[in-house]
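Participant: Here is how the chains run, residue by residue.
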Amino acid sequence: QLGLQDATSPIMEELLHFHDHTLMIVFLISSLVLYIISLMLTTKLTHTSTMDAQEVETVWTILPAIILILIALPSLRILYMMDEINNPSLTVKTMGHQWYWSYEYTDYEDLNFDSYMIPTQELKPGELRLLEVDNRVILPMEMTVRMLISSEDVLHSWAVPSLGLKTDAIPGRLNQTTLMAMRPGLYYGQCSEICGSNHSF
Amino acid sequence: MAATPEPGEPTKGKPFKLLGILDVENIPCARDSVLYGSLGSVVAGLGHFLLTSRIRRSCDVGVGGFILVTLGCWFHCRYNYAKLRIQERIARDGIKNKILYESTHLDPERKPTTDKNSS
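Protein sequence lines correspond, in order, to chains A and B.
Mapping the first sequence onto the working numbering, position 166 (from 1) lands on 166, and the numbers just tick up by one.
Mapping the second sequence onto the working numbering, position 100 (from 1) lands on 100, and the numbers just tick up by one.
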């Protein structure tokens with residue numbers, strides 16, 4: 001698969017749309033640059049006495065500023081949307097280790113388990129290489145869930161692309177992220193911070 | 001990974017990427033914007049050439065027209081698409097709440113019944 005995964009959370013939907021918006025702007029700028037390059041290659045005109053070019057300098061100062069504003073405004077909107085207070089119903093703690101994740105559900109009962117990646121040799125037919133684990137994290141859908149993420153040893157990063165999540169697991173620090181899955185399904189993620197020889201393996 | 005589409009669900013088309021970056025098949029509004037932009041570019045460039053007979057300047061006008069028309073169509077289409085998504089979300093939540101709250105005291109369509117026994 002190329003490109004971003006299908007969105008499962010509202011934030012990821014917004015990110016997908018922002019990505020489309022920015023890609024269109026990039027496409028238009030690339031077309032313009034390609035056209036200008038083709039002009040440079042085909043022109044025979046030479047200006048040996050160009051003294052100033054006030055108009056074009058004004059244009060190529062103001063136009064990029066406008067383009068940056070067009071990109072920045074939706075970007076900031078999503079950034080602040082990610083930080084909204086949304087009263088999570090469930091809290092799950094996850095600790096990064098070399099090289100597995102451990103999860104704790106302590107809201108109602110004490111439930112702890114480790115989640116190891118299934119080695120390639122032990123995969124069953126149809127299972128995805130480097131993605132399947134022995135114990136999956138089960139979360140309710142259409143409910144806001146708080147994830148508290150930290151690490152026991154080195155830097156890790158807890159990432160689920162379909163939910164638009166990537167949060168660093170830093171030893172000695174507790175990072176928080178909230179998620180809401182809008183549809184049932186199985187969503188994969190891999191550690192996204194290099195953490196040793198078996199990082200993402 | 002993306003969820004496997006159920007039978008009967010629309011699947012993603014094979015990606016066709018302009019300049020290797022813009023997937024016009026799967027990005028909403030991209031195909032229409034680029035097509036209208038191309039049409040606008042041809043009209044602007046050809047019109048300028050017919051009026052002035054200047055080839056190079058007409059090409060510049062054509063490229064400028066492409067960029068402006070594509071951008072205009074893109075923003076217009078995306079704005080309408082965003083409104084449609086909001087309406088779909090409201091309708092979806094409304095259907096879900098109707099099913100959930102039907103015949104309960106939270107049902108907004110429930111008519112208040114008068115208590116005839118109290119005097």
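Just so you know, these hints were derived from the structure itself, not from any lab.
Take the hints with a grain of salt, since some may be wrong.
As the list claims (entries may be wrong) - Lysine-lysine pairs mimicking DSBU-like chemistry, simulated, CA-CA at most 30 angstroms apart: (1) A/K124 with B/K14; (2) B/K111 with A/K166; (3) B/K111 with B/K96; (4) B/K83 with A/K166.
Participant: Each hint should be assessed against the structure and marked as holding or not.
Facilitator: Okay, the hints, checked on the actual structure:
1. Between A/K124 and B/K14, the direct Cα distance comes to roughly 29 angstroms. Compliance with the 30 angstroms bound is thereby established for this hinted pair.
2. A C-alpha spacing of about 48 angstroms is found between B/K111 and A/K166, which places the hinted pair above 30 angstroms, so the restraint is violated.
3. Taking the CA atoms of B/K111 and B/K96, the gap is about 20 angstroms. The hint holds against a cut of 30 angstroms.
4. A distance of roughly 29 angstroms separates the Cα atoms of B/K83 and A/K166; the hinted pair therefore holds under the 30 angstroms criterion.
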